[in-house]
Amino acid sequence: MKLFQWIGTQWHALPDYAHSTVYILALTIVLILSVAYLTLWERKLIGWMQMRRGPNRVRLFGIPHTEYIGQPFADVVKLLIKEIVIPARSNKVLFRLAPAITLIPAFAAWAVVPLFPGFAIAKVDAGLLYVLSLTSVGVYGVILAGWASNSKYAFLGAMRSAAQIVAYEIAMGFALVGVLMAAGSLNLGTIVEQQRGAPAHWNIVWLFPLFMVYFISGVAETNRAPFDVAEGESEIVAGFHVEYSGMAFALFFLAEYANMILVTGLTAIFFLGGWLSPLDGYLPADSALRSVPLLGLALGDGLQWLALKIFLLLCVFLWLRATFPRYRYDQIMRLGWKILIPITIVWIALEGVLAWFHVGPWRV
Amino acid sequence: MLVEILFYSFATIVVLAGAGVIMARNPVHAALSLVLCFLTSAVLWMLIEAEFLAIVLVLVYVGAVMVLFLFVVMMLDINIEEMRRGFRRYVVPGAVITAMLVAEIVGVIVQRRLGLDVTRGAVPLPPGYSNATDLGIALFTRYAYAIEIAAMLLLVAIIAAISLTMRRRRGLKVQDIAAQVGVRASDRLRVVKMDAEPRQ
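Chains A and B, in that order, are what the protein sequence lines are.
Heads up: the first sequence begins at 9 in this note's numbering, then just goes up one per residue.
Heads up: the second sequence begins at 3 in this note's numbering, then just goes up one per residue.
These aren't lab readings, by the way, just hints derived from the structure by calculation.
Check the hints yourself; a few may be wrong.
When the alpha-carbon atoms are kept at most 30 Å apart in a straight line, the in silico DSS-like pairs for lysine-lysine are as follows [claimed, not checked]: (1) A:K90 / A:K52; (2) A:K86 / A:K100; (3) A:K160 / A:K100; (4) B:K195 / A:K160; (5) A:K346 / B:K175; (6) A:K160 / A:K90.
Keep in mind that this is a model prediction, so the values were computed, not measured.
Just need the whole structure built from these sequences, with the hints factored in.
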């Protein structure tokens with residue numbers, strides 16, 4: 009006990025930037041590990057959906073009964089020892105810079121995400137705008153990768169991706185306008201707090217169309233199937249990262265999965281009550297269950313619920329990929345501009361009317 | 003002290019990036035320098051605690067405008083040498099405008115024409131102060147008419163831009179999306195039930 013107390017006092021004595029640095033490092037390590045295991049989970053889950061086994065070879069350090077647990081590490085080692093080929097007439101600086109530009113926003117956006125009650129690394133007032141602006145910066149990596157490669161396939165992929173992301177960003181932004189109208193704040197922590205009460209108070213109930221628009225735009229924004237025309241293996245080989253190999257390719261891969269986790273995390277926060285427990289309002293506050301040591305903690309609000317919501321949404325992402333064929337390019341544009349954006353505009357107007365007559369849980 | 007170090011390092015980057023915009027030989031590099039310029043300007047605004055404006059600058063200019071700009075610049079085959087030929091023609095007007103801008107900056111910093119002490123640095127805002135709230139209240143109360151007029155102008159501009167691209171060439175083959183979406187499996191596919199053929 010003495011040791012823990014000593015560590016506690018030392019921790020509090022540290023300056024603010026030391027605290028932030030530790031939080032950032034911890035979060036980054038957790039995110040990278042999640043990304044690694046998300047790639048494995050994707051292959052396993054889609055395997056099961058398609059009546060296959062998926063990866064089933066690599067054990068963790070040869071320990072028995074850990075089949076496939078070591079797969080992500082084997083993949084990383086394989087990619088690390090591969091040569092990074094830089095095309096002869098490419099723009100070498102931008103070619104090297106592009107993977108980093110895609111990856112950085114996917115991690116940086118987590119700074120404002122509220123992880124458990126009262127905690128975010130940076131409690132920024134304009135957090136929602138910060139997230140939006142960072143996700144929109146990520147597209148530069150894709151465009152630059154396509155252009156710097158000096159390859160027609162890569163360039164076509166980059167063009168497709170840029171047009172798609174610009175189109176769906178509008179729908180995404182409008183869907184979030186509905187959320188910030190409901191919360192009356194741009195602060196992500198406040199947005200979660202506003203949904204407190206019961207799952208019936210979560211934004212998904214009153215803003216269901218906006219939730220659908222946001223989630224679909226999120227799939228399009230991360231270039232995931234069925235919106236993965238930017239990669240389009242059957243038409244343009246692998247799209248914008250066709251010239252990348254080894255670890256440079258792995259960074260794009262990492263960015264895609266990190267973006268998936270980010271988009272699902274934001275969906276959970278905006279529409280599914282973030283770290284709020286779904287038992288709120290059903291399990292009385294003085295219930296005997298809440299005083300059971302570990303279970304009581306698990307049933308209350310906290311990171312575990314946010315993680316569970318993210319996990320379930322990620323499974324939907326993978327499910328979509330296992331189910332749908334790729335969209336045709338003009339259909340993607342039509343869906344974005346002619347269906348999703350009008351839906352958001354109608355629902356925002358409706359929400360304004362509802363708020364005017366004090367229907368619904370929001371306070372405006 | 004830290005703020006000063008940050009300010010001068012980012013200000014240097016802004017100036018260098020701004021020079022890059024007009025000096026770069028490759029138009030894509032020029033556009034990217036402009037992006038860097040916007041990003042570092044956002045950081046400078048952040049230093050005077052105008053975080054709402056800083057984030058919106060990144061969101062609108064870096065996230066949307068410059069992406070489209072880059073998009074176009076990458077596709078066009080711009081000949082830089084040809085563009086440089088006009089350099090001499092623009093030297094005189096350019097010099098006049100530069101002189102005016104320098105005079106304005108001197109007027110504000112040295113003569114204190116606006117009564118602002120710009121050498122002292124920004125005054126820290128009280129904790130709990132929200133930039134977004136204040137800006138929203140000012141825009142929708144004091145400047146309500148101005149913002150409505152600006153909004154109308156933007157709407158007109160959007161409609162004009164769309165109608166400019168809506169020209170239909172004659173003889174153009176287009177897909178009827180409604181027909182494509184409205185198609186049913188029964189229109190395309192007929193399941194025929196038949197007995198197994200007898201063994202030969």
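Hint-by-hint comparison with the structure:
1. For the suggested pair K90 (chain A) and K52 (chain A), the alpha carbons sit about 25 Å apart, so the restraint of at most 30 Å is met.
2. Between the alpha carbons of K86 (chain A) and K100 (chain A) the distance comes to roughly 24 Å, so the proposed pair stays at or under 30 Å and holds.
3. Between K160 (chain A) and K100 (chain A), the direct Cα distance comes to roughly 17 Å. Compliance with the 30 Å bound is thereby established for this hinted pair.
4. Distance restraint check for K195 (chain B) and K160 (chain A): the Cα-Cα separation of roughly 49 Å exceeds the 30 Å cut-off, and the hinted pair is therefore not satisfied.
5. Straight-line distance between C-alpha atoms of K346 (chain A) and K175 (chain B) comes to about 21 Å, which keeps the hinted pair within the 30 Å bound.
6. Taking the CA atoms of K160 (chain A) and K90 (chain A), the gap is near 24 Å; set against the 30 Å cutoff, the hint holds.
The structure is inconsistent with hint 4 alone, although it conforms to all the rest.
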